[in-house]
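Q: Residue strings, one per chain:
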Amino acid sequence: MSIHRYQRALMAGLAAALPVLAAGCDVKQELLGIQQPQIIGPDNVGGPTGAAALRVGALGAFQGWVMGGGGNSSNIAMFSDLLTDEWKSGDTFAQHNEADQRVVQTNNSVLAGEYSGVQTARGRAQNAIDALIANSPELTSQIGEMYFLKAYAELILSEDFCNGVPFGFTVNGVVTYTQPLTNKDGLTLAVARLDTALKMVTATDAFGQNIHYTLEVAKARALIDLGQFSAAAAMVADVPTNYQYLTTFSQTTRDNQEWVGNGSASVARFVVGDSFDIVAGQKNVIKNAVPFASAGDPRVPVTGSTTGATKSIDVSTSWVGQTIWGRDDAYPVLSGIDARLIEGEAQLNAGDYAGMTATLNALRTTSQTIGAYKVPVMPALTAATPATKDVALNLFFREKAFWQFGRGYRLGDFRRLIRIYSRTQDQVFPTGAFFKNGQYGTDVNLPVTDGELTNPNFHGCIDRNA
Amino acid sequence: MKSIRWRLAAFVAAAATLIGGSRALSAQGTITGRVTAAEGNEPLPEARVAVAGTGIGVVSGQDGRYTLRNVPAGAQDVRVIRVGYQERKQSTTVTSGQSTTLDFSLARAIVQLQEIVTTATGEQRKVELGNSVATLGDVSKRVEQESITDMADLLVTKAPGMTVLQGSYSMTAPTIRIRGLNSVSLGNAPIFIIDGVRMQTGTFAGGNSNPPASFINDIDPSTIEDVEIVKGPSAATLYGTDAANGVVVITTKRGRAGATRWTWSAEQGAVDDRSHFLDTYMIFGHTPANPSTVVRCVLIQISAKTCISDSTSHLNPMMMDSLTPLNIGRRGAYNVQTSGGNDALRFFVSGGLENEIGPSGMPDFSVRRLDSLKTPIRDEWLHPEAYQKENFQANLNATLSPTINLAVTSQFLKVDQRLPQVNNNFYSSPYQSMMSPGFTHPGPGYKGIGTLGEQLHGYNGFVPSEINQSLTQDNIQGLVGALQSDWRPFAWMQNSGNVGIDYRDRSGYNLCRFNECPYFGDPKQVGSVSSSTSNLRNFSAKVTSVSSWQASKSSLLQTSFGGDYTNQEDDNTSSFSTQLPPGGQTVGQGAVQGGGNQPSRAQKTLGVYVQEQLSFRDRLFLTAAVRSDQNSAFGVNFQRVAYPKASLSWIMSDESFFPHYNWLNTFRLRSAYGASGVNPGATAGLITFSSSTVNIPSTPIVNAGTDTPGLVSGALGNPNLKPETSSEFEGGFESRVFSRLNIDFTYYNKKTKDALINQQIAPSAAAPVTQVLRNLGSVANSGIELSLNATLVDRKAFGWDLTVGASHISNKLLSLGNDASGLPNKTIGTGTSRDSVGLPLNALFYRTYTYNDANGDGIITPNEVTVNPNYQYMGYSIPRDVVSFQNGFDLLNRKLRVNVSVDYKGGLQVFNSAYQFQCAQNLACQGASDPTTSLAEQAANVANRYATGADLKGVTTPWGYLENGQFWRLREVSGTYTLPAVISSRLARSRDAQITFAARNLHVWTKYRGSDPEETAGTGDTQATFGNAGPRTYFTGRLVLHY
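The listed protein sequences correspond, in order, to chains Y and H. The first sequence begins at 1 in my numbering and counts up one residue at a time. The second sequence begins at 467 in my numbering and counts up one residue at a time.
Incorrect hints may appear among the rest.
[Claimed, not checked] Cross-link-like lysine-lysine pairs, in silico, DSBU-like; alpha carbons within 30 angstroms at most: (1) Y:K400 x Y:K374; (2) Y:K283 x H:K1419; (3) H:K1278 x H:K990; (4) H:K592 x Y:K374; (5) H:K592 x H:K719; (6) Y:K287 x H:K1419.
It is worth saying that the hints were derived from the structure and are not from the lab.
So here's chain Y without its partners, still in its complex pose (with noise of 0.2 angstroms):
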């Protein structure tokens, strides 16, 4: 064959692949165009519908780290309230097991999940609040409860967490990552939001005014945190004892964690703690323990027993179930029960004890409600008026303990008793034994984990005081 024909050959295929090339004159469209029906683009976020889903998507996401989690996992309210007395580990997995410890590793999984959603939380609210005020600027009611959303995730973070949560940002993709903040830092920056927030929010109607008072409890939290217990008192002063700012749930959303993690004995990794418990056979008192499971107390009402043959999930901790919360009833975030323990806790730093002690007196002696459940009405504390302030501390904390049982507070409570009150960490957190092997550690706080390590501006918590 000479060339010619060779060149004539190829010439001929390259004509049986034109259609190919053919094809390919606008192949993005014809041929490499595609539909992904299933993807939601930023076409569809635009609008004030768009501004109202997304309010939606952060309320969602403010809900699973308040009280979400599944199955394998909890939420920063419980594992916090791990950490202390409120809850026992009855788990198989080692980083609840490693949490009701004292001894959190920078890698447990769990505990990383749960900071990773905080802090994903703050940015999805932070992503409705521009589309509000872009879209939908009139909805100040809304847009106020979207910075309460975002506050109070800094809120629990400095609460709980060690020295040294950076707050960054992420704008159209562009992460823009900031230094560590102290706990005290941290608890600063909620409040100025919280601030602006109340400034926004002033309708009267029922919504406007449930997320008033919701911003004021919240700001009062923080400036308790603070040590600044009258303004935290005054704070709260308008606040009725019946408000709730609610997270309500569903069977085909989401479930009450509290009743997932809890409620059924043979799935449980939560048991209610209790101020014993089991080791090697024998009965272990716990120092500093308050006696949930036992204590018969209405406001944690409970079913099983820390002695009984009922066994959580690892099928060795005896089952304690707590009932406030069923399968998908509401969790109170916040409520004015917690505006008069706020005030409670001022009239004790005050020295007011026969205050702060008629302040819980009237708690008890009328109907209250966590939620949807409705507490009995309780006789007054038999107790004298307590004459040291070394007893007031321990009448409020326990009081406080049960009013707010599983609501994430207890953390709080204890690094202010170290911080603030001057105990140490072996007079306040369970001490001594651990029921399921050693001894208790000295964790006063959840460390950042460590996926933070990627922000190059964090090298590790800057301490892990209380």
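Following the hints, position chain H against chain Y.
A: Chain H only, in chain Y's frame:
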């Protein structure tokens, strides 16, 4: 308008080609002849006869005859190749318009090798390739003579460089990797191509409840003609984006001209689970203070004298005859195949039915319990591990004209599969067994009664009677078909087209009926059901044109160009409901319902390529090629990627200067360089939002809310996303020595750049996700592969052939890109599996410990263990070394063929997570409660469970359960006896008959303490070892009749 103009031009050009082609046909003739064996002169079917330097070639029919049409007039060389015979080339002169006769007599080759391979441009002689391609060869014979039930059985240990981890349960998903791990964040599995169509290889089911199943197993091995393993980018360049992890090319059987032939086979067999499940132990004792109360003692309490041992017990429910849910499963497979036809139309038709009941079952005590409750026992409870496959295949090959061939391949398949409750699953028998207290009757900490009042017999909390009521089943129907055409307008040009589809429709179903399944929490046994469907469609189209030019007497140029197009689409739905009424089994019957769907999702690739090959004196072959791809998954700022390729193959032993020795028959050097890629995923480059339905409190604020649809931002997107590209150099040689030993050695060095890595985003950035896919890193793989193929004895009465395959890999992460501050990322991950620069992917890191029985009491206590708080690198998580020995013995004048195959994997560590979990959670673990166990076993338990060191404040470590994963396995033993012709013809009137007895996965030698060193629960890059079994052991008998 532009499009119309292009199409018109194409039409005109094609028409011109046709006209030109018809003119060219005038100066041509025909070559006919017969191919026979030199010994015995018997006709040889399936010999490939081709005119050298042209695209003209045919396969001889059953009578050995062939006809080559449209051969250019003049002197021509005709080459004949057939497996098992030595290649032969003869010259002849073709006269225009006349027929020339050319017969071939082939001498038998002592070593049988596959000489023709299917490449991206068509069939090609293996000696022309500069890269290594492994071929399985006569798959049909393997399937008939060995115990091969699925694709994993077919592939395992057959090709050096390919690692196959078989599924743990009946027909479950295999894990296949070729030449190490290339990708940090994407999958590392090879792609499969069947008859030119991109095959479905996805997995389903799996997770924490069931073993994963795979579409790969839907293909019936008995319908396969050959499997080729294209190992790396140097060979896979022309397969384009997605081929960087290798390509498995499957060709199904074709009909041959000649009398109609029938093959009928029937197989029956047994299936066994030979795993070693975890033991449990109990030390009954008492405390010094209370001698009358029986308590559980553990070793460290005995050491501390706080507990005094009275007696011990040991229990392993999974392995005790009276308690185990395991029994001997059974298997049956029936297949009928026929093929034949004439020169104009040839056919292959196959139909098969396969049934397998796995070993998972229900123990007698559970059957008795259900009987006592008067609960009718469903078959699915007795046999939760079951598989049924029906398969029908029809392939037609037609010669429409002297220049046009058409082939249609079509395969319809139907699979029904039930999967047992296993893996990291609280409601599974293996889990409930390993969490046993170590005794059966009520005792310390164990009531022996379950939540439904059932006797537990030593199981932890649930027993198989309820566990097996959880039904998981999958049903698949599929159609794999292709239309292939060849058009040869000139003797020196061949154009091929191929269009096909792999369509699979899957429905999955999980059911716990009302009042069934384990009672794991209120509300009690209210029932639940979930249903999912997936519809997957792979469309493939390809055109190729190959032209040859005999530039001189010694030089042949071959130019190939073409293009291909792949469109992978899928959509799916899922729904669930809970609170079923009695008898309720559908989602619609549940009180609380939910569901979702994913509309059609697509990923498309369009590639074009050109290749030039120079053949010099039929002994030196130089190839250069380039392929360019566009892909719908690339970022919007990235349009096209180009993959180059070059290779050299040189049969040096044919050169005059090469020293000639009697013992050295052939020597071929080869080397190749090429690149290929992996696409980032269908939607990886897009900015997305996700729906989020939230229950929002009603206003005024009340205790219940309203489910409200919402949105949250999802992926950040990456407009610059491009494929990660792997380039590879490989070099090696092939040699035949002493006329009976073939040596094939390959060294490869592969580097993946622009590696797609999920770059971590610190949570504090409050981004919607914690990672974004970016082209950041690079990964290196290098290794050696050796294949020895020898006929050690070749006598009429006795023959012994041996194939040895061996490979060794080195894998290293070279770079992870830079972090947000511009500094190099050093590692991803902080746990026990990390991707760290300088180390292999998924490198293992653990805290080590030391121990010393200081007080000499034979018990290791926490203060006698010291844990190093720093993590240390421990090694590879994938096998570095794989060796196999495949022996074939021909006995009784070659009437009896015996195959024995043994293989080895080593160089890896496997984390025995089930054992670690057991010891962390269950005091009945051997290290805690077996007084006879070793100090090392005790130390592993102590370091895993207790705060250690002198101050008892040291961290824990599970390092004691990181184990050497190496093993030797007796993989296959089979014997096939060919009945004397007189018997086969009298008994079954068949041409011949074969009886095969075969066994698979017979025995394993290992120090690994888990259920099996090949146990796995997934198809990821590292083994998942929680609550699994080893690969099933098969004993099968098969009768094959040929008519």
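Q: Has the given pair, Y:K400 with Y:K374, been kept, meaning a C-alpha gap of at most 30 angstroms?
A: holds (17 angstroms)
Q: Can you confirm whether the C-alpha distance between Y:K287 and H:K1419 stays at or below 30 angstroms?
A: Satisfied, since the Cα-Cα distance of roughly 19 angstroms is no more than 30 angstroms.
Q: Could you grab the alpha-carbon distance between H:K592 and Y:K374 and see if it respects the 30 angstroms cut-off?
A: violated (82 angstroms)
Q: Verify the proposed pairing of H:K1278 with H:K990, using a straight-line Cα cut of 30 angstroms.
A: Measuring from Cα to Cα gives roughly 52 angstroms; hence the hint is violated.
Q: Is H:K592 close enough to H:K719, meaning Cα to Cα at most 30 angstroms?
A: holds (20 angstroms)
Q: Measure nothing beyond the straight line between the CA atoms of Y:K283 and H:K1419; if it is 30 angstroms or shorter, mark the hint as holding.
A: holds (23 angstroms)
This entry does not satisfy hints 3 and 4, going by the numbered hints stated previously.
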